[in-house]
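Engineer: So the sequences go chain by chain: A and B.
Just so we're aligned: 284 in my numbering is position 284 of the first sequence, and the numbers increase by one with no gaps anywhere.
Just so we're aligned: 1053 in my numbering is position 53 of the second sequence, and the numbers increase by one with no gaps anywhere.
Simulated from the structure, these hints should not be mistaken for laboratory data.
Among the hints, erroneous ones may be present.
What the hints assert, rightly or not - In silico EDC-like links for lysine to aspartate or glutamate, alpha-carbon gap of 20 Å or less:
1) B/1052 <-> A/264
2) B/1098 <-> A/294
3) B/1099 <-> A/543
4) B/1010 <-> B/1091
5) B/1052 <-> A/253
Unchecked claim - Selected chain A positions facing chain B (in silico; Cβ < 10 Å):
6) 76
7) 111
8) 112
9) 122
10) 243
11) 246
12) 300
13) 303
14) 305
15) 540
16) 544
From a predicted model like this one, the values you see are computed outputs, not experimental measurements.
Built from N, CA and C at the ideal position, the CB exists for glycine as well.
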Amino acid sequence: MRNLTLFGILTTLLLSASVVIGAGVDLGQVQKQEVNLSAIMMFLLFVSGTLGITYWAAQRTKTAKDFYTAGGGITGFQNGLAIAGDYMSAASFLGISGLVYGSGYDGLIFSIGWLVGWPVILFMVAEQLRNLGKYTFADVASYRLGQTPIRSMAACGSLVTVLLYLIAQMVGAGQLIQLLFGLEYWIAVVLVGVLMILYVTFGGMLATTWVQIIKAILLLVGATFMAFMVLKEVGFSFEALFTKAVAIHKKHDAIMGPGGLVTDPLSAISLGLGLMFGTAGLPHILMRFFTVSDAKEARKSVFYATGFIGYFYILTFIIGFGAILLVSTNPAYFSDFVAGKLKGGGNMPAIHLAHAVGGDIFLGFISAVAFATILAVVSGLTLAGASAVSHDLYANVFRRGRVDEAQEMRVSKMATIALGILAIILGIQFEKQNVAFMVYLAFTVAASANFPVLFLSIYWSKLTTRGAFIGGFIGLITALGLVIVGPTVWEDTLGFAKGSAPFQYKFPAIFSMTAGFISIWFFSITDSSARAKEDIAGFEAQDIRCQTGIGADGAVDH
Amino acid sequence: MQPDMVSKVKQHPKYRELLAKRTVFSWILTFIMCAIYYGFILLVAFRKDVLKTPIADNSIITVGIPLGVLVILSAFILTGIYTWRANGTFDELTREIKKDVQ
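Pulled out of the complex, with its shape left as it was, chain A reads as follows (with noise of 0.2 Å):
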């Protein structure tokens, strides 16, 4: 049954692409239609060789903890993949490289920014949440507290934080989608929504795991290869690289160094805040590290991510100055060479830096991993919301743990399918709305409700259940609502005048989160109910179980 379900979801996919290469002849531009196949070719490719992936995966799925973790046995080195995987999105690679491009040395203050919360997440959570945890990061800031309050608190940030993070993804899917392939947006919204409930429906985390590794890899040997391409073109020396960049910018030497990326020391501060422990706080992240056997190999994982992503900055950091030699300098690439209009828009360079370097091919190539690149996230963060829905909402929650498995299972995977329909429908309703902000607001939500509440649930012992609850939703509240008030979504997003935002800050980090931790500290303090007591009692076995991982090692089969 499930064999021909997905048989019949291929077939339609192969024949909606057809459909598509034939619209492309419509176009009426010999080269572009050329591209699209190409890159229709090689999108396809992936999608068969997923599909088949999940496929397999779904034959191994029959547990929730195969179905949330991939049965625990996800090697480090595969999670770190998996991890750098989800870090590296589209937005990223396609924002970074246009940041560079746009401005120079900004671009690496940006991206140093996000990788610097890896290493945070390793010194303080990551072992921790192995040892505590068994399928969402509620799991371990409910370990000693009430379940019910937790668990709802840890479901609003999770949910909240994903869907955010996922409406920037679909509108930006749908927007590269109709730029890269012709497809319209609506179809190219319905097309990433569909594929991924299929792939976490039916493989879970194993499947989404697989698909996230083969992306990483493909996104990888893509990058390195058109920064091989831009150095060779230079002679393998940096200072040919820059002082060409320097001489056709026309920023000239301001793009070696900062520039109006962060203007006060307090945004500077507060924006690296929210990137750094934001990070710590995305559910789809944290719960990569139930996919592994035991601490050591979620160190392992961290490390070989830390690696991974780091690389991987480095070389957008070439690729945007690559393209500033080789495509700012050429009129095909854009819509108005005299007004420096790029096709596509701000975005595109490293798009048509693989033009420049590979040819059509290579286009089709680099299109493709966009792409999938947009599928593997989308997937990552629907799980994450799924198993926020049906592990801590409904299992936990409603039912009060008195749930067995196969019905657990069976509402995450119609959590999977609601998410996955909300996602399409919010993709197409902010089609037109600029959501570049949408990301960094999910991981101010991140940083200031869900990161005080699990790390202060780990190293706290007078943290108590009314603390956590009431603190952590100060923290989400005040996040989403600095945010809306700021310049960003007051000026820019909603067309009030400049200037008139009630809160002058872009980057609200630095607030939200003093106002999460501290009210979860005061609130924790004044309590002296009988809850309190017993959550304060419990702290010294599980502080053991967290130091040594005794009793977590149940949790996993070996």
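Since the structure of chain A is already known, use the hints to place chain B on it.
Structural biologist: Then chain B, alone, in the frame of chain A:
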């Protein structure tokens, strides 16, 4: 976890050693990472001129570029140091504690 197990582990001398060593070690590494990163961010905010200085008289490459790459490398090296020590010393201590109490 059984209450007697909790007190057994807690009183184990190796457990105290593990706790002391790992806590200090993770906080030191976290501090180093934050110092490097926020040091860099403060340079971006206050001393842009330092980052814009060429690395040599006849070079176009500014101090900021190798420094930025160094921050990236330091993140990788710090995770390597922690993983290496935790997978060795800390896991060895944990193994000994588990052997004794179980």
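Engineer: Each hint should be assessed against the structure and marked as holding or not.
Structural biologist: Consistency of the hints with the structure:
A distance of roughly 18 Å separates the Cα atoms of residue 1052 of chain B and residue 264 of chain A; the hinted pair therefore holds under the 20 Å criterion. Proposed proximity of residue 1098 of chain B and residue 294 of chain A is supported: the alpha carbons are some 14 Å apart, at most 20 Å. Between residue 1099 of chain B and residue 543 of chain A the CA atoms are separated by roughly 19 Å; this keeps the pair inside 20 Å, and the hint holds. Straight-line distance between C-alpha atoms of residue 1010 of chain B and residue 1091 of chain B comes to about 17 Å, which keeps the hinted pair within the 20 Å bound.
With a C-alpha separation of about 9 Å, the suggested pair residue 1052 of chain B and residue 253 of chain A falls inside the 20 Å cut-off, and the hint holds. Here the hint on residue 76 of chain A is kept, as its CB sits about 9 Å from the closest CB of chain B, short of 10 Å. Given hint, residue 111 of chain A at the interface with chain B, holds; its Cβ is 8 Å from that chain's nearest Cβ, closer than 10 Å. This hint holds: residue 112 of chain A has a C-beta 5 Å from the nearest C-beta of chain B, less than the 10 Å allowed.
With a cut of 10 Å, the hint placing residue 122 of chain A at the interface with chain B holds, because the nearest CB-to-CB distance is about 5 Å. At a threshold of 10 Å, the smallest CB-CB gap from residue 243 of chain A to chain B is about 5 Å, leaving the interface hint in force. Evaluation of the residue 246 of chain A hint against chain B yields a held restraint, the C-beta minimum of about 6 Å falling below 10 Å. Hint status for residue 300 of chain A relative to chain B: holds, with the closest Cβ pair at about 6 Å, below 10 Å.
Satisfaction of the interface hint for residue 303 of chain A is found here, the shortest Cβ-Cβ separation to chain B being roughly 4 Å, below the 10 Å cut-off. A cut of 10 Å between beta carbons decides the hint on residue 305 of chain A: the least distance to chain B is about 9 Å, and the hint holds. Restraint check, residue 540 of chain A versus chain B: the minimum CB separation of about 6 Å is within 10 Å; hint holds. Proximity of residue 544 of chain A to chain B holds as hinted, the smallest CB-CB distance being about 5 Å (cut-off 10 Å).
This entry satisfies every hint, going by the numbered hints stated previously.
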